[in-house]
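Chemist: Residues per chain are reported as follows:
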Amino acid sequence: MQHTVSVLVENHFGVLARVAGLFSARGFNIDSLAVGETQDPEVSRMTVVAKGDDRVVEQIMKQLNKLVDVIRVEDLTAKDMIARELVLIKVRANASNRNDIMHVVNTFRAKIVDVSPESLTIEVTGSEGKIDAMLELLRPFDLQEVVRTGQIAMARRGQLKAPSKCGGKSGPCRSSKKQAKKTKKK
Amino acid sequence: MKLTGAQILIKCLEKEGVKHVFGLPGGVILPTYDVLYDSKIKLILTKHEQGATHMADGYARATGRPGVCLVTSGPAATNTVTGLATAYMDSVPLVCITGQVTTNAIGSDAFQEVDIVGITRPITKHNFLIKDVRDIARIVREAFYIATTGKPGPVLIDFPVDVSRAKTDFVWPKDVFIRSYQPDVECPGVEEQLQKAADLIRASKRPVLYVGGGAIISGAEKEIREFVQKTGIPITTTILGLGIFPETHASSLRMLGMHGTHFANYAVQNADVLIGIGARFDDRVTGNVAKFAPHAKVIHVDIDPSSISKTVRVHVPVVSDVKSAMEKLNCLVTDKRPDIEGWLAQIAAWKQKHPMKYDAAGQKIHPAYVIEQIGELTQHKAIVVTGVGQHQMWAAQWYRFDRPRTMLTSGGLGTMGYGFPASIGAQLGKPQETVICIEGDGSFQMTMTELATAAYHKVPIKVFIMDNGYYGMVRQWQELFYKRRYSGSVIGPTNPDFVKLVGAYGILAIRIREKKEVIPAIKKALAHKGPVVVQCLVSKEANVYPMVPAGNALDQIMDMA
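Taken in order, these protein sequences are the chains called A and B. The numbers in the working numbering rise by one with no breaks, and the one at position 32 of the first sequence is 33. The numbers in the working numbering rise by one with no breaks, and the one at position 246 of the second sequence is 260.
Pulled out of the complex, with its shape left as it was, chain A reads as follows (with noise of 0.2 Å):
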């Protein structure tokens, strides 16, 4: 089955790699992976889509939880959740079907972001059922380059927070580290 699994990272280099290691040293295929800063520029969220049995992907995220620059795991797939996916198409075409192409586009709430006389970019955010559609009705009119972000998410309600990188406090402190952790653990 299919998982999304939100990951919120320490901003550094080679974190990116250990988490996509832990994937690739079970021979695991990633089907999407989006990374992008926070509301706090220190910590990075990484949402991986990827199939595999529960235990496994129960397994995989225990490990995640592990690394030492992961802050905090959530699988969203059981949860409500917000999921959406940014697509880049250009796609040929000309004067006799370029209308065709642009009901398409009104229908799925598509936007035109650049034409020129032999093709259409169409800029498409959505579900990942949409951006299926809409690819397979564009599909006849020859697609010449498609660039998806992957998928992002979040839950509709709650939110996954880093605890201050502090423990709360100014300085190192130990008191509120135990405040950190139930925040961390699942």
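Errors might be hidden in some of the hints.
No farther apart than 30 Å at their CA atoms in a straight line, the calculated lysine-lysine pairs in the DSSO-like style are these [to be verified]: (1) A:Lys67 to B:Lys529; (2) B:Lys16 to A:Lys67; (3) B:Lys165 to A:Lys67; (4) B:Lys342 to A:Lys63; (5) A:Lys63 to B:Lys305; (6) A:Lys63 to B:Lys337; (7) B:Lys244 to B:Lys219; (8) A:Lys63 to B:Lys165; (9) A:Lys67 to B:Lys188; (10) B:Lys529 to B:Lys367; (11) A:Lys166 to B:Lys188; (12) B:Lys188 to A:Lys162.
What the hints contain is simulated information worked out from the structure, not anything from laboratory work.
For this one, chain A is given, so just place chain B on it according to the hints.
Modeler: Leaving out everything else, chain B in the frame of chain A:
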């Protein structure tokens, strides 16, 4: 006053209480070795970086303190890989510092450059590349913290030469706080889980305690002994758990698994509650996982959540440090109950019917005999360090361990050549104790370059080579499963004259051929002040029994005729 990066690094090691570093110098680590020259930290100069990592590993396992390596870049760094993987598999705290080319040359295929951080990522608990001289103190502090806390493990620090020459003020961080790594915070719900475990134990009729290396790392021998004494529940251990409980005690079932005792394996297969403590249900322990402990409800105490339910489904998981969990569990369990008497009688009957045995006839030396005698003559108190192979299993079966941190062996990775250098490290960490190294002729030759290290530092280890002229464990499998086709396992004709070889280093060497020579040779070795190597020409085709062939359930055991 501003210090160089190299000065800061060595100062940090001193602050961390490091007494010995293991390694050898080379190009980009020279600024650091130059500072080390004036430090009170003692350099144990090795002949190979693999030896350095195993020494640091033996030092760490014997003392519980982290072992430290200091080596150069490129080939030196790659030479540490086997040692790091060995330490990683067995959760041994190491800090390995490798030199690196200048930061602006990284990635340019510079001389002796290798991406050691990339190479060691899956075999270290964590690793660092220091890019700024101002980060050194923090990173070293964090490295030691990560290596020694939680589930311990090796940490590598890659140290570019320009960073070692750059200057800054030295500020020692008072405390370590890593928000994404909080090993000393207890997982919520432990109390409830332990209560469930205690209820299960109380209701059990056929309980077995199965203890691994995690209990030793945690320092839980007192708690484990109290638990066994209080409840009367029999205890078996993994190879890394040997010594957590005296093997001469009536409650001990000794080691379980592929080469475990009949009675330990039967007990596990017939148990109704299996209490796994600081062990990870490795395939050498479980045999065929699908048929492992088929009647048992499993309790598993482990500090590492990813160990739980990894191979065997666990009914009551307890994510906790072993020592603190056992302290609490001891308050919850009841005293010896009459309703497990039948179970204990059954186990006693198994012990009676299937005792550990070896072929003791004739004047040939059976390796088990040598180890048994070493056990007697050292009152089971010595630190035993082994290589990997048949001799390792005989050491595990026949020494009869009494104390924790006295069986040092590569259990997880199975690194041949581990024993000899690790014994040097163990002896340096524990100078007052007797350190026995049990090696095979094959395993010993993988790292025997360190004879020079033992000789130079006069490390008084007692090395016993069980020389049967084969890669013995390979030969045993070939005998049993490959129609005696000894492909690549015959090494007798390739072996050197060990007595001459060892003698060339100025180390006392003894060769024995007959059983009657064994006890005098052991006594002579133990009485000798410096290092000794005893070459024991043992029965060539002795096999390690009992044996559970791979794929079998634990109670489908092969034994000698």
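Chemist: I'd like to know which numbered hints this structure contradicts. Please list them from smallest to largest.
Modeler: Failing hints, ascending: 1 and 2.
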